[in-house]
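**Q** One letter stands for each residue in the lines below.
There are 2 protein chains.
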Amino acid sequence: MLTRMSSLFLRTLREDPADAEVPSHKLLVRAGYVRRVAPGVYSWLPLGLKVLRRVEDVVRQEMDAMGGQEIQFPALLPRDPYEATNRWTEYGPNLFRLQDRKGGDYLLGPTHEELFTLAVKGEYSSYKDYPVVLYQIQNKYRDEERPRAGILRGREFLMKDSYSFDLTDEGLAESYRKHRDAYVKIFDRLGLRYVIVAATSGAMGGSASEEFLAESETGEDTFVRGPGGYAANVEAVTTPAPPAVPLDGLPAAQVHHTPDTPTIESLVAFLNAAGERTFTAADTLKNVLVKTRQPGATEWELLGVGVPGDREVDMKRLEASLEPAEVALLDEADFARNGFLVKGYIGPGALAANGVRYLVDPRIVTGTAWVTGADKADHHVVDLVAGRDFTPDGMIEAAEVRAGDPSPDGTGVLEAARGIEIGHIFQLGRKYADAFALDALGPDSRPVRITMGSYGIGVSRLVAAIAEQSHDDSGLVWPRSVAPFDVHVVVAGKSAELLEGGEAVAAELQAQGLSVVLDDRKASPGVKFADAELIGVPTIVVVGRGLADGTLELKDRATGERTEIPREGVGAHVAGIVRGA
Amino acid sequence: MLTRMSSLFLRTLREDPADAEVPSHKLLVRAGYVRRVAPGVYSWLPLGLKVLRRVEDVVRQEMDAMGGQEIQFPALLPRDPYEATNRWTEYGPNLFRLQDRKGGDYLLGPTHEELFTLAVKGEYSSYKDYPVVLYQIQNKYRDEERPRAGILRGREFLMKDSYSFDLTDEGLAESYRKHRDAYVKIFDRLGLRYVIVAATSGAMGGSASEEFLAESETGEDTFVRGPGGYAANVEAVTTPAPPAVPLDGLPAAQVHHTPDTPTIESLVAFLNAAGERTFTAADTLKNVLVKTRQPGATEWELLGVGVPGDREVDMKRLEASLEPAEVALLDEADFARNGFLVKGYIGPGALAANGVRYLVDPRIVTGTAWVTGADKADHHVVDLVAGRDFTPDGMIEAAEVRAGDPSPDGTGVLEAARGIEIGHIFQLGRKYADAFALDALGPDSRPVRITMGSYGIGVSRLVAAIAEQSHDDSGLVWPRSVAPFDVHVVVAGKSAELLEGGEAVAAELQAQGLSVVLDDRKASPGVKFADAELIGVPTIVVVGRGLADGTLELKDRATGERTEIPREGVGAHVAGIVRGA
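Note that the protein sequences, when read in sequence, are chains A and B. As numbered in the UniProt record's numbering, residues 1 to 581 make up the first sequence, in order. As numbered in the UniProt record's numbering, residues 1 to 581 make up the second sequence, in order.
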């Protein structure tokens, strides 16, 4: 297809949209790819839809190649299946709920685990039917509290979601591996720079859940990586525990009067002013009190979390460690009800004495000595030794992770980076199979409970993620695999000769099987060049003054390199460049 | 792609689904193409999705070829634009409405006139920008009161909707013609038998609105056609008026006592019993009283509708004639309020005397004499002559249309048939451009109000419409243009030799660029043949006992014809058949 700019439904903007903060949002709006309809809800104009479709095609091809079978569920879903898994309630305000004319409850699907599970249960019955991988590419709906960054976090967005159904854990591991390989192929083809990070701390098995993050300063996800290839979501980072210290010969714990030292800073200053020894915040043990509630429970339970005083408790890490329980900070009423909690001076002693569960950072191993609260206002205890003076109920990953921390794989120190979540693969296990009793009749006529994997790719988000990684000050710079066109032909002038020349060049390029956009508008060359840069087609051919001498200008959008090429044979020449010959 | 039945996510059913009444619904469910999730809400399984995509591709190709530009609006839409056109209210219970977490009102788009209009207004400003045709292929939502027939009338369904934007009425007529041509190409390529019917009676211009109906006994739309090519929706049929009769010498009207004759039947029987003349129901004039209300008005107004007594008033025709006014039957309170209306004996006299508007069927021309009510219980008037004894306020198309009625084009009589609406093209005019002030700046710097056309195709419905027209007792019979596969290879046996033979045949077909499904299951040949018939791939190749002698069986699904073909060269042979060589 030859697309002429003179009739293309496209108007570029000179100004950034007022509500845009990140480059992809600004540029996709300015270059006429998308338009906002409501918060987090966008229209795709012709250029945007072309890129979206190309991304979708890459995803589909690799999903088909790995053995996935495409189906399509409705977006409008009845409440019942989501009631069975309690997600009708659990989703809270993130779910778009509605009623039909008869008062029946419906929702707009945020994710389709229930439907996939029911579909397989509806069609399959024998162990011979398995394994199977099903997928769909479909609009999903989530009522985000803060939709942001254009199509990067929308409320209506296109997702590829797939599910694997296996008879055994080994089968699930294999389905997971196949998805991982397919995802690598997809993101490689899309020209993305990305990392694969562990998404959970491994409680469910080392590789049970991984995220694909496109590296981007504007990403919402923070991750860390070590020099040896280790990479993980901050929530998934495990803290290497130092070796235990022999208890023999350690000094005895002593309570000190430390007036007005409710903070770590004030405590360290007070101790160092005393002058006997030098303390740092890392020598102190900070005890943070929270309350937790198990799913389905009504009562909250107190929990003490001990971390070295030089680190904050990272609530996201704490929540990830305690999942599926809820976590909340204590309020004044909680403190009032529990008089043994002396704010600013809480120590392990009162917790143990009052039966409060106490979990500590992995660094707090047996034999380490700490300055911590003495459970009495204005008093701390020094040289309180773990394993001698107090015994925690267990370890917990809750302390903040910092650049410079040792990498868990022992290869050096971690560095922090930000990324955009573009894919997530997850060994879901039997949660949904249990909810709907999805069994296969085994060879021995006994039911075998199916185990599932869940795999997502944010297709519309990928368009933004690619734009985040691939742009410059002048505009978008698309990788060839997803560019709206292969070649952008600019007619640099208004004369009939140049216009005819441009048409002829475009026709030759098209004859090579290339998709071409021809800027045949009656606009100045400057406007046309600026639009070509903004739109970001990888190869630009300028039909200008040189035409009379039999030459054209070829511009590489990414490198900015300009070369003069002969008019003669332009089709084959440019086709060779586009196809990487 | 080679698809193996042994791993295809497909289980055919031996029984029709309990809720299915029409063949397409029964067969698409039995053959594993679709599955019901909620009333009017369906999932597409692999075979169904393949057919849907092929239909969608045909639609897209022809829309691109006619110059349409594809875009994509959200399905989740804010209330505001629909408030501006009053459709938020007008749609009534057919609209799925919902609120987001902040209480903002949203709807699921049933159609996107508002969004298209706003999109063009947002991008375009000059007369030089026009004309433009935009389209999308997208899930639409309508909360039908009675979803029926599977995907034939669903609540979530895939539509192609396009809009043309022109500066002039002539431009609109041209855009309309281009769409009409494209629709003809689309439905021809899909192998459909269809008629193009006038959708309105022509008040807005002869071809301002036409519907494409796929002929089908199970269709919801009734249409009529004449031998000379005339075809129209029943609502759009115009009644040829007979020539007026000279008034001179017609007998005078006489009031008769006709006790207990409130119905046409009892009246005719009474008159004929009197014996002087013979009357039929067609000699009587039936006056039906309704009330109408103009949009925005609060008051109802009485309306008398006069039709020949052998015909009923067709409420759908009456409503179409009175649009955009509402129509309702009178209730007892209305009769009580208007004492001059003598039920069963209403005549033109009382209507005229009381200022009630009175519209009559086109057959009631000047000089025709009628038996009708005398506005007095048990009394009728005979020989009441139109144009002499009463003068109607105008004509109205409200009487039922019957097979055997004269065709408006004078070529013979009408026959009635049923169809499925698969396309609708409509010269919308300036309604939405007015609502949103969509103007182009003209060459004289004055604003030009844009005129629009609206064009729809029910893409998912087409899958059902094709199935309705193309099936037999054994199952579906797909046209090649939309079949889920080009060839269905059946391995008729379980031996390793046959299975290997089947794989080799499938590979050869695939090498020819054909899409192939291979039935490699460990099932009996009978089961496999039945499934092949049910699934409906147009060409079936049976790898059976003949393989040892170098022969295969070729079966044409549509004709049932079986031929023996040599194994040697099967690829080229079958490719020739598939490609119509």
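Treat each hint with caution, since some may be false.
DSSO-like cross-link-like pairs, simulated, lysine-lysine; straight-line CA separation at most 30 Å [what the hints assert, rightly or not]: (1) A:Lys291 - A:Lys316; (2) B:Lys343 - B:Lys291; (3) A:Lys128 - B:Lys522; (4) A:Lys121 - B:Lys522; (5) B:Lys291 - A:Lys121; (6) A:Lys522 - A:Lys494; (7) B:Lys291 - A:Lys291; (8) B:Lys343 - B:Lys316.
Have a look at the derived ranges for each label pair, beta carbon to beta carbon [unchecked claim]: (9) B:Arg101 - A:Asp331: 35 to 45 Å; (10) B:Thr238 - A:Glu145: 55 to 65 Å; (11) B:Arg189 - A:Gly191: 34 to 44 Å; (12) A:Glu21 - B:Gly92: 38 to 48 Å; (13) B:Gly92 - A:Gly92: 28 to 38 Å; (14) B:Asn94 - A:Ile577: 45 to 55 Å; (15) A:Ile577 - B:Ala65: 27 to 37 Å.
None of these hints come from the bench; they were simulated from the model. All residues carry an ideal CB built from backbone N, CA and C; glycine is no exception.
**Q** The structure should be examined with respect to each hint, and the outcome stated for every one.
**A** Checked hints:
1. Pair hint Lys291 of chain A plus Lys316 of chain A holds up; C-alpha atoms about 15 Å apart against a cutoff of 30 Å.
2. Only pairs whose Cα atoms come within 30 Å are accepted, and Lys343 of chain B paired with Lys291 of chain B is accepted, the gap being roughly 15 Å.
3. Annotation: proposed proximity of Lys128 of chain A to Lys522 of chain B holds, straight-line Cα distance about 11 Å (limit 30 Å).
4. Restraint check: the Cα-Cα separation between Lys121 of chain A and Lys522 of chain B comes to about 21 Å, which is no more than 30 Å; the hinted pair holds.
5. In summary, the hint linking Lys291 of chain B to Lys121 of chain A is not supported, as the alpha carbons are separated by about 55 Å, beyond the 30 Å threshold.
6. A hinted pair counts as satisfied when its Cα atoms are at most 30 Å apart, and Lys522 of chain A with Lys494 of chain A qualifies at roughly 6 Å.
7. Under the criterion of a C-alpha separation no larger than 30 Å, the hint pairing Lys291 of chain B with Lys291 of chain A is inconsistent with the structure, at around 68 Å.
8. As the CA atoms of Lys343 of chain B and Lys316 of chain B are separated by approximately 23 Å, the hinted pair is consistent with the 30 Å bound.
9. Range check, Arg101 of chain B to Asp331 of chain A: Cβ separation about 24 Å, and the 35 to 45 Å hint is violated.
10. For the pair Thr238 of chain B and Glu145 of chain A, the supplied restraint of 55 to 65 Å holds, since their beta-carbon distance comes to about 58 Å.
11. About 36 Å separates the C-beta atoms of Arg189 of chain B and Gly191 of chain A, a value consistent with the hinted range of 34 to 44 Å.
12. Remark: the range hint 38 to 48 Å for Glu21 of chain A to Gly92 of chain B is upheld by a beta-carbon distance near 41 Å.
13. Between Gly92 of chain B and Gly92 of chain A, the C-beta spacing of about 31 Å keeps the proposed range 28 to 38 Å intact.
14. A hinted range of 45 to 55 Å for the beta carbons of Asn94 of chain B and Ile577 of chain A is consistent with their spacing of about 53 Å.
15. A C-beta distance of roughly 29 Å is found between Ile577 of chain A and Ala65 of chain B, which places it inside the suggested range of 27 to 37 Å.
Of the hints listed earlier, those the structure fails to meet are numbers 5, 7, 9, in rising order.
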